[in-house]
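Enquirer: Each chain, letter by letter, is given below.
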Amino acid sequence: MGLYTITLPDIGEGIAEAELTEWNVAVGDAVEEDDVLGTVMTDKAAVEVPSTVSGKVVWLCGEPGDTVAVGGKFIQLEVEGAGNDSATPAAKTASDGAGQRKSGADAAPTANTEPDKASTSDTPPEPATSETPAPAPVSAPPARGGAPRQPLAKGEKPLASPAVRRRAQDAGIDLRLVGGSGPAGRILHEDLDAYIEHGPAVARGGGRMPLTGTREVKVLGMRRKIAEKMAQSWSHIPHITIVEEIDMEAVEALRGQLNAAHGEARGKLTVLPFLMRAIVTAVRDHPEMNAHFDDDAGRITQSDAVHVGIATQTPAGLTVPVVRHAEAQSLWESAAELKRLAEAARSGKAAREELSGSTITITSLGPLGAIATTPIINHPEVAIVGVNKMSVRPVWDGQAFQPRKTMNLSCSFDHRVIDGWDAAVFVQTLKRLIEAPALMFVEE
Amino acid sequence: MSDLTCKLLILGAGPGGYICGIRAGQLGIDAIVVDEQKPGGTCLNVGCIPSKALIHAAEEFHKATQFAGASTLGISVANPTIDLAQTVSWKDGIVSRLNAGVAGLLKKAGTRLITGRATFLDGKTVKVTTDDSAVEIRAETVVIATGSSPVELPFLPFDHRSGGKVISSSEALALTEVPERLAIVGAGYIGLEIGIAFAKLGAKVAIVEAEGHILPQYDTALTRPVLKTLHALGVEVHVNTKAKGLGAQGLEIETGDGTVQDLPADKILVTVGRRPNSDSANIAGLGLATDGPFLRVNDRCQTSMTGVHAIGDVTGEPMLAHRAMAQGEMVAEIVAGQPRRWDKRCIPAVCFTDPEIVTCGLSPEEARATGAEITTGQFPFTANGRAMSMEAEEGFVRVVARKADGLVLGLQAVGTGVSELSAAFAVAIEMGARIEDIGGVIHAHPTQSEGLQEAALAAMGHALHI
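Protein sequences, first through last, are from chains G and C.
For the first sequence, the working numbering begins at 1 and goes up steadily by one.
For the second sequence, the working numbering begins at 1 and goes up steadily by one.
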């Protein structure tokens, strides 16, 4: 048997490190070639790391949340034959994998080959015979009266005498919630008394139970990336947000006619392809809106191509797939591409290139879209168009209120490089195009 | 046909069923227990009690025969004989007294006992037929406690009618003559208990086991003393050997290397396990969820049908009378509206071989398999005064404890009379004792129980008598 080390492969994007978000295997598991070992997160996407060999897992580089360097030791397997690593198996497992945190390849597992005497979980059980030395003296019991208890292992029952268990059952108390102050954490009658007297209101009967629990959720993977990106956008970019009401009657009528005429044959049109078309048309006159601002270099890069990012909610969190070259697509092509990308993003199958490179972004909460929102710009872009909920509202036509389908747009701009005036003009252009949709399709 | 109604109907008057009936009666529940046989079930009629009676008689006879020759104790007797028919009659007397005892306990609790064959009409209605009448019983809640039966091998079917050659444990316990040559298929605890008893009664016993060693569910440290006794009694033990069917002289067997031979036998006892009676009484017609052949129950012994509970052997392993009793008691309390659920830490198990084996909780191997770091302590009876004075030096007591805090996870013993240690073992584990607790309790001297304290002290590193 030999030892085989798999390093974190180069996963593109020119990155030097990635965040470990999930292990699919544990120490002791047998894996086959091509089995997924774990998942790492780049700036854009989750990438699964497959096994290049078959063997048994003997070492993991860390735990979810740790950062692993590209090329750094990722996992060690025990394999048939010689393997590729002459070192002894690393003694440490994921439970103590901080050695590689932020240090990547520098913290090679061989550095940890000396078993950590203090770490009982890593020490193999000693042969159990009558010659086995006595266990270490048991530490003093914790304070009496419902002291916090060690979490029970899976399937482990609370330690209590049958009489205590019966009393707890009669009182409807889950003994897993009661701290045991007896030897080895045994729950005593006194512990139960204390729980009944001071614990949650179950024993007092009636009333609402005050809840005191808290849960800590580690911000990992996609959520961490979203958090970093939002913080970067918000702290770097002074936002200016303009909310404008748009009359949707004309575009809705057109949309209805097109859907009725072509139906499912060409794919159903939503409002978004029209909005994309309006943006494509508007940025011809306002190229400063379709741009990236590199504030380090002090340079704005305006783009001829209109790559529209579509902020999309996925089970893992907010992601932004990109409809590339919207300027070259028909309404239906845009609609089809939108649909495809949204599904890919939601199922986690979007490629990295499909999640990067946008030049302007649309964000829509669909039917939850509220009256107004304050969209955060997708750094390093300079503008974002937020779509609010469409509804029928009374509109004064000069003589009477008319029921009109209206929708607000909430658009944010990078105030460092876009003045309020220009922003307002851009929003007015969008309004004009959507309210008279024929203008979007007029070739100049 | 007359109709009856009740709150609780229990099918089966075995240890699970009758305990459920007694406890229900104590709690004021209108309950009926139905069984075709006399109350007590397999345990009392053809299982635990009669086998222990036979084992006791065999042991006494064996002692007498030991004294017929040179005896280290200075005792001599002349030419002992045994009249097995008389022994069986004595055994039947004990069974009858207990049958009457169970019926009396049910009556005292106010629970009705009806003798007859039950068949489910629906989940709450049962038809009970006797030879000359039938009654339909409708209940709010039903408990299935129909027990288990010996597994029959298709190529060695039991021949109940002719009192034939191939018998189950039930017939073995009713034999009125000691067979000259007894072949036993299956070296589990039932086969070995009966086999050792008949060997002591003078039969030439051969045991055939397909697995690699006897009592496959125990570790070899525990079974080694039993194997020694088998050899001393002249019992042939064929492991890694399969029974093939009836041979010209007895039992045809195939050994591990493929050799087929005919094992001479006057009787062939088949003890290859027990199967739940989950297809009797039209239980299958209820369509209850199952786990293999067993009825699936939750920790309140509820089946997949509302108001239908199941307890005992019909619900799975371990098929032990005391498990069924505990379930029966629990279900009666649940029916009475008490908030009960199964929360036991251990179920002790005893093997009444010579010497006896008792286990409770986790074996060292099982404890390690949970991922726990363990420590063990073992004390041999060779170092125990009481064992020496009883010529019972074979065996040991072993404790398995969690290394971190000394919590006792398991206790095992093998030795003469160690079945009585089962109470101490179960109490220790159920109370959540640590090895220091057991080590700190005064154990009476001179008793074999001292072995328990010494094993705990051994696990702490300072056994005193070794």
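Note that these hints are calculated values from the structure, not bench results.
Keep in mind that this is a model prediction, so the values were computed, not measured.
Glycine included, each C-beta is placed from N, C-alpha and C at the ideal position.
Please note that the accuracy of each hint is not assured.
Rough simulated footprint, nothing fancy, chain G against chain C, three-plus residues with beta-carbon under 8 angstroms [to be verified]:
1) 64–72
2) 266–278
Derived Cβ-Cβ restraints for the label pairs, each shown as a range [claimed, not checked]:
3) Glu-197(G) - Leu-4(C): 23 to 31 angstroms
4) Glu-365(C) - Ser-54(G): 26 to 34 angstroms
5) Lys-244(C) - Ser-54(G): 37 to 45 angstroms
6) Thr-370(C) - Ala-372(G): 43 to 51 angstroms
7) Glu-190(G) - Ala-369(C): 29 to 37 angstroms
8) Ala-232(C) - Glu-190(G): 49 to 57 angstroms
9) Ser-356(G) - Thr-370(C): 27 to 35 angstroms
10) Ile-114(C) - Glu-156(G): 52 to 60 angstroms
11) Val-219(G) - Ala-369(C): 33 to 41 angstroms
Taking lysine to aspartate or glutamate pairs in the EDC-like style, the calculated list, with each CA pair at most 16 angstroms apart, reads [stated by the list, open to error]:
12) Lys-157(G) - Asp-257(C)
13) Lys-344(C) - Glu-156(G)
14) Lys-157(G) - Glu-329(C)
15) Lys-242(C) - Asp-257(C)
16) Lys-339(G) - Asp-257(C)
Enquirer: Each hint: holds or not?
Expert: Against the structure, the hints come out as follows:
1. 64–72: The restraint on the segment 64–72 of chain C is violated, since only 0 of its residues have a Cβ under 8 angstroms from chain G and three are required.
2. 266–278: violated (count 0)
3. Glu-197(G) - Leu-4(C): 23 to 31 angstroms: violated (48 angstroms)
4. Glu-365(C) - Ser-54(G): 26 to 34 angstroms: With Cβ atoms ~28 angstroms apart, the hint holds.
5. Lys-244(C) - Ser-54(G): 37 to 45 angstroms: holds (41 angstroms)
6. Thr-370(C) - Ala-372(G): 43 to 51 angstroms: Because 58 angstroms falls outside the window, the suggested range is violated.
7. Glu-190(G) - Ala-369(C): 29 to 37 angstroms: holds (34 angstroms)
8. Ala-232(C) - Glu-190(G): 49 to 57 angstroms: For Glu-190(G) against Ala-232(C), whose Cβ atoms are near 54 angstroms apart, the range 49 to 57 angstroms holds.
9. Ser-356(G) - Thr-370(C): 27 to 35 angstroms: violated (48 angstroms)
10. Ile-114(C) - Glu-156(G): 52 to 60 angstroms: Given range 52 to 60 angstroms: violated, Cβ gap about 43 angstroms.
11. Val-219(G) - Ala-369(C): 33 to 41 angstroms: holds (36 angstroms)
12. Lys-157(G) - Asp-257(C): Violated. Lys-157(G) to Asp-257(C) sits at ~46 angstroms, over the 16 angstroms cutoff.
13. Lys-344(C) - Glu-156(G): holds (12 angstroms)
14. Lys-157(G) - Glu-329(C): violated (21 angstroms)
15. Lys-242(C) - Asp-257(C): Holds: Lys-242(C) and Asp-257(C) sit about 11 angstroms apart, inside 16 angstroms.
16. Lys-339(G) - Asp-257(C): violated (68 angstroms)
Violated hints for the displayed structure, listed by number in ascending order: 1, 2, 3, 6, 9, 10, 12, 14 and 16.
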